[in-house]
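K.L.:
Please build the complete structure, drawing on both the sequences and the hints.
2 protein chains.
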Amino acid sequence: MKGARSLPPVARAIVGGDRRALARAITAIENGDPGAGPVLKALFSRARQVPIVGVAGPLGVGKSSLLNLLVGHLRGLGRTVAVIAVDPSSPFSGGSVLGDRIRFEGRADDPGVFFRSMASRGAAGGVAAATLEAARVLAAAGFDIILVETVGSGQVDVAIREIATTRVVVLVPHLGDEVQTLKAGLFEIADVFCVNKTDLPGADSAQRDLADLVAMFPAGSGWVPRIVGTSTTVPRGIAELWEAIQAHESFLDSSGTRRAGERHRLATEIVGLVRDRVGRELTHQLERDADLRRLLDRVVAREIDPRTAAERLRPTVRRQS
Amino acid sequence: MKGARSLPPVARAIVGGDRRALARAITAIENGDPGAGPVLKALFSRARQVPIVGVAGPLGVGKSSLLNLLVGHLRGLGRTVAVIAVDPSSPFSGGSVLGDRIRFEGRADDPGVFFRSMASRGAAGGVAAATLEAARVLAAAGFDIILVETVGSGQVDVAIREIATTRVVVLVPHLGDEVQTLKAGLFEIADVFCVNKTDLPGADSAQRDLADLVAMFPAGSGWVPRIVGTSTTVPRGIAELWEAIQAHESFLDSSGTRRAGERHRLATEIVGLVRDRVGRELTHQLERDADLRRLLDRVVAREIDPRTAAERLRPTVRRQS
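These protein sequence lines are chains E and C, in that order. Sequential numbering from 1 applies to the first sequence in this note's numbering. Sequential numbering from 1 applies to the second sequence in this note's numbering.
Bear in mind the hints are in silico, worked out from the structure with no lab data behind them. These numbers were taken from a predicted model, which means no experiment stands behind them. There's no promise every hint is true.
[As the list claims (entries may be wrong)] Partial pick of chain E residues on the chain C-facing surface, computed with a CB cut under 7 Å: (1) E269; (2) V274; (3) L313.
[Stated by the list, open to error] Pair by pair, the computed Cβ-Cβ distance ranges are: (4) C:R302 <-> E:S250: 17 to 27 Å; (5) E:G35 <-> C:D33: 37 to 47 Å; (6) E:G256 <-> C:P235: 54 to 64 Å; (7) E:H73 <-> C:R302: 27 to 37 Å; (8) C:R312 <-> E:Q49: 17 to 27 Å; (9) C:L200 <-> E:A260: 50 to 60 Å; (10) E:G256 <-> C:R298: 15 to 25 Å; (11) E:Q246 <-> C:D199: 43 to 53 Å; (12) C:D204 <-> E:A211: 25 to 35 Å; (13) E:Q246 <-> C:G17: 52 to 62 Å.
Yeah, the Cβ is synthetic: ideal placement off N, Cα and C, and Gly gets one too.
P.N.:
As structure tokens, this is what we get:
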């Protein structure tokens, strides 16, 4: 049994506010570096359960500008904020090409703000698991609120569903046909809708349409999604956006659903890690293990089909004693 | 041992050209319906290895119009074509919200063209596996060429990498900062670059920039990506695009890499199916099995962390006798 004081040096540095140690730990998570393991394990019990606010929405709706203003608002309230931009598009390049781009200009010297973009190359359990692990490290480092921005991808938005405590979906009054598709997928994950660019014509009718849609879908959890109008040019609606997020966070506590959500997130994380391990080991075995290799040979020769081959592989998961 | 003549009725109908049976089979694949299994198994050995051309690229580059023209060109050459639009954005809605939208207008009565959009809800092994299975069914149904269009998602573009025999990445001369990100991820998967909208200014320099980039990356396989300029308004470049795709398909045969690619695709497919099964079973077990449930309880109570919990679960894959 380890006491809290016996943290490994890297974990202690992170808890103590060392930003470079923090950044390196997130890089290790991103790259699936086994060195991340001990740090994550040590920090798990230290990570306070802070709001993890997922911000999803199609490209071009102004998510980045909105987040910039939200960060400013939260700093004005005296809260510290970490922003993770999840960038799924470059799994081959080894790290996000967005890099730690200088987006939060004027905040570079503010230790109360941390910005980081993440890709998912090699991350154990996939992008959702890596983002959740990074969020925990950020919580252990003392940040009050974690904002997770996704860069325009339906699949990853779905992954964010798994890890965020509050999900904000950002839309704009007028969207093309292809983007309607994205909206439909995003609709079902929203705790808060943010209609951005309300300085454009059609904003009122967009909010009314959304309200009609929300009324049509009975909320199983008892939470009725809030709709907030914002503009980043004026700017306006930022305080209301934060209030809507806070209202949902309060609902999680008052309704008792926070604990169920946390349990579900942890189960999903464990399953993701195990799935990932099975995938790695089986990929290896299919070339190295003579028996499995013959099985693959037969599929390549079209003697048996992939589903039959998969059915002949019997995976079992046992708890080690 | 079953002979080719003893195909199940649905499989026989598909091979015989029944389009409704074909559409239903793809829906079953999409929904993860176990009923798809026997049909897929029966058709696996019947599916000719036809070109599967993945067409990826950011939203707004004109992929749909381009594909429409490419289909017209191929029909003019007497080839039959099936188009799968992979739409990852709505896994909750149960099927693609794009539906079988009427995009290939004027071709509704042409039995040589089949259009289908697919979501990935519940599909065994994920969106890539489902798309590959659908492509095989389409090949068994007699289509000469399968085009797979992805709807603006980095992660899914990556999945397409796994299943396409030739990968076309579509770009336009000028793209914003966020889209640069997508380009970087797409760069490494391209066998053919298509610079669309060459009627816009900057097309020549975009093609030169791409050529410089291509020259910088040594092609491990020996294939040097082709760069083709197209315009769907003029239109122009469509025949050249098809020639570039064909050149890559010929390279796969002449270099002997087609067989290795097919083996890799099949291995990935089997691994995906097994991973998926492990995930489903473990998710179930974590709530139902008393021992695993206690393990999850301890994680929820922060006594142990998710990685440690995952390590205590020992997955093994054995070949059944």
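K.L.:
Does each hint hold? Answer for all of them.
P.N.:
Tested hints:
no.: 1; hint: E269; result: holds (5 Å)
no.: 2; hint: V274; result: holds (5 Å)
no.: 3; hint: L313; result: holds (5 Å)
no.: 4; hint: C:R302 <-> E:S250: 17 to 27 Å; result: holds (23 Å)
no.: 5; hint: E:G35 <-> C:D33: 37 to 47 Å; result: holds (43 Å)
no.: 6; hint: E:G256 <-> C:P235: 54 to 64 Å; result: holds (60 Å)
no.: 7; hint: E:H73 <-> C:R302: 27 to 37 Å; result: holds (31 Å)
no.: 8; hint: C:R312 <-> E:Q49: 17 to 27 Å; result: holds (23 Å)
no.: 9; hint: C:L200 <-> E:A260: 50 to 60 Å; result: holds (52 Å)
no.: 10; hint: E:G256 <-> C:R298: 15 to 25 Å; result: holds (21 Å)
no.: 11; hint: E:Q246 <-> C:D199: 43 to 53 Å; result: holds (50 Å)
no.: 12; hint: C:D204 <-> E:A211: 25 to 35 Å; result: violated (49 Å)
no.: 13; hint: E:Q246 <-> C:G17: 52 to 62 Å; result: holds (59 Å)
When each numbered hint is compared with the structure, a violation occurs for hint 12 only.
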